[in-house]
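Colleague: Take a look at the letters that make up each chain.
2 protein chains.
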Amino acid sequence: MLKITLDHIIELLEHEKYEELKEKINQLHPGDAAQIINELPAEYQVKVFSYLSPEIASDVINDLHDELREDVLESIQQNRLVEIIDEMDSDEATDIAAELADHQLKDVLQKIDKEDSDEIKQLLVYDEDTAGGIMQKEIIAVNKEMNRAEMIDHIRAIYDDVEKLYYIFVTDKENKLIGILEVSKLLLCHDEMKAVDIMDEDVISAPVGMDQEEVARIFRKYDIYILPVVDKENHLLGRITVDDIIDVIDDEASEDVYKMVGLENEDKVFTSPLSSVKKRLPWLTLNLFTALLVSSVVGIFEGTIARLSFLAVLMPIVAGLGGNSGTQTLTVITRGIALGELTLHNTYRAIVKEITVGIINGLLIGSVAMLIAYLLKGNIILGAVLGISMVCNMFIAGLVGSSIPVVMKTLKIDPALASSVIITMLTDIGGFATFLGLATLML
Amino acid sequence: MLKITLDHIIELLEHEKYEELKEKINQLHPGDAAQIINELPAEYQVKVFSYLSPEIASDVINDLHDELREDVLESIQQNRLVEIIDEMDSDEATDIAAELADHQLKDVLQKIDKEDSDEIKQLLVYDEDTAGGIMQKEIIAVNKEMNRAEMIDHIRAIYDDVEKLYYIFVTDKENKLIGILEVSKLLLCHDEMKAVDIMDEDVISAPVGMDQEEVARIFRKYDIYILPVVDKENHLLGRITVDDIIDVIDDEASEDVYKMVGLENEDKVFTSPLSSVKKRLPWLTLNLFTALLVSSVVGIFEGTIARLSFLAVLMPIVAGLGGNSGTQTLTVITRGIALGELTLHNTYRAIVKEITVGIINGLLIGSVAMLIAYLLKGNIILGAVLGISMVCNMFIAGLVGSSIPVVMKTLKIDPALASSVIITMLTDIGGFATFLGLATLML
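If you read the sequences in order, they're chains A and B.
Position 423 of the first sequence, counted from 1, bears residue number 423 in our numbering, the numbering being contiguous throughout.
Position 373 of the second sequence, counted from 1, bears residue number 373 in our numbering, the numbering being contiguous throughout.
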């Protein structure tokens, strides 16, 4: 699809051929235009965006990196912003609206089309992580009594406003959702057929307050592309499309791995350094305190270390392997929870499994470590101390790596928050305490 | 959608009410049936699957956990397997075919419909991680000269074989892809219109050998639901649907976080313990050697530790914080690469940013650590040694956490393989060496 390369754009910019640039960039698919602008050197990004027609810009702006979109919104002229928002679907317009300063928002809502402005106001009410927060108001709904010709007329009348028209929703006279109808079925059916005759009654819908991660699970489970959103009385409110769900899935996947290492969602590759520092600092401070806790456990055995300094040389081995085993278990379990594979019915089995794996791996790796320690230091008891403490620590790794996220899930705390810092602290403490404790007793 | 609960199913099983069970389970949406079977106690799973009608079973089997699907395929009767595969779309049938033993596969291919068997044979040729490996042969393609009535007749003739019929592909007489046509457009257009008049010429397609991760990026970038797949001469071969792309995105997200902690893809919550042990062992062995390397660096300073045993108490702090900072940077960078945010044009900026963040965080956290060490031990030089080594180590963390995955990407090695074990080894060595080295010099 790409019809112009990044290098060529930069060349045009450097030679100040702005007219040519404007023409070329507006011929691109919005997806390509967004990618190019995201990749441009920082000094050109806002400038190139300003050359986009409102129509293209309306599809590009939500695909810009967060910080860049903020820059664009700060420097954009109010009239241009209104033109761009006028071109947007209601869900995307709402995302932008939510990022505007209050006075900017108020002004925009006055200047755009009344109907669009009402829709945005309705959508702004919902939490952005819920079905309501990601749905759009652009839908085609027909009354169940409509016949084929009436339905086609109805579709034709509003066709231009609705993209991705694969399904029509069927409602009763109170606007309650009672069925769904594939457009291809409408294409093939006879003229006298009514919506109610050809619709699929087994319609899957999402309540407006449902968490977006749960909504993503519905898309996964039923392999659907479009999902109607309803209120408590089953009134049709909007629809969610699968392209927005892909964004949700990407975000949630990032979020899970981010939380595991103590990162915040907004901390991306091109977040400004100071902003990243601010976001990571609380977690590193927590980490400093867990490290001090670990250090104080080692401190209990300072006398032993003063006597047998080689223990300090070997102790990182016990802690290191325990930490990594624990992180592995944690990853398997939190990913299993995220994808819905792990439920209350089968957790016990999963925990037992992880502990078993920890013990077996501990026995195998511990034996090798024991042998190596014996060969290096010529001390069989030291070898035994190292081996035994590794088995203990990998047992601890299996136990805490699996049970902590599960317990957190049961307590309705996000299991991804059972970050590696907590697991590593526990395996560090477990490793140092068993190794140095056994050494104090046996050597 | 769910019309029967897991508990109710278990009750029916315990009371041996198999007829009722069979009736209830076959009324479920396949997505719900798969979920229930996945969650059942292990002894019931294969049994309940055997009660599914071939039609439901064909949609359920690919949603079972890997190990369970293996169990099902091992115990299934050949005739039933043939019935099930007969009901499947070509892409899913191929996935199952790829898992069958050679004699099983040969027999199945003989017994199913000739056309289906040919399609499966064609699809089995492609690598399962490519566009060819995830595409299906069920498509509707029309010749560009067809008019509306001919197209509708054509669709009607093969309508039952193709699900998710939102787009029709338009080809020339050599079966080369020249356009795409939304079904809703066909619904609304005039009778005399030809395919070539109403099609969209700007059709996005994937070459059959494209990596599935790249295919997923196309779906993301262009917000599409259906993607045609073509060979080098642009002949239309098949299509990829967005539900399969969601599976790809889930798998790739799991794969990335798995590789980071040294896990293999197939190591899931319910993989058998022995199989998990086998999969994790090579990586833990590597980890043992990196730990020995770290230990040997500490060994250089054993004399210093023997003299100043409190250094062994404090050294885990330097290594711990460095390791976690490094993992944070690694996560931001590999996630940025995976989502396509990081490209060759902007890597330098990203590395500089991560190093800056490392140094600033090192200065802040290092100062606090310095203060704490001074308060605890009353030794200002010891505090300075701790603080300075923390700054150095968090600089190292930023440097290696960002540059290693980038270098690997440039060398076309999967950057997610820059696993935390390598980064942690480097920050461990960096931390211990600077801390103990400075201590040896200054204390």
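Think of the hints as simulated: they come from the structure by calculation, not from any bench.
Just to be clear, a hint being listed does not mean it is correct.
You can't tell identical chains apart in this list, so a pair holds if it fits in one copy or across any two.
Stated by the list, open to error - With a straight-line cut-off of 20 Å between C-alpha atoms, the simulated EDC-like cross-links for lysine to aspartate or glutamate are:
| # | residue 1 | residue 2 |
| --- | --- | --- |
| 1 | 114 | 202 |
| 2 | 259 | 211 |
| 3 | 144 | 200 |
| 4 | 409 | 71 |
Colleague: It remains to establish, for every hint, whether it holds in the given structure.
Modeller: Outcome of the hint check:
1. Taking the closest pair of Cα atoms, residue 114 and residue 202 never come within 20 Å of each other, the shortest separation being 35 Å inside a single copy and 34 Å across copies.
2. In this homomeric assembly, residue 259 and residue 211 come within 20 Å of each other (Cα to Cα) only inside a single copy, at 18 Å, whereas the closest approach across copies is 29 Å.
3. In this homomeric assembly, residue 144 and residue 200 come within 20 Å of each other (Cα to Cα) only inside a single copy, at 11 Å, whereas the closest approach across copies is 32 Å.
4. Proximity of residue 409 to residue 71 under the C-alpha cut-off of 20 Å is found in neither arrangement, the shortest distances being 38 Å within a copy and 29 Å between copies.
Hint check: violations occur at hints 1 and 4; the rest are consistent with the structure.
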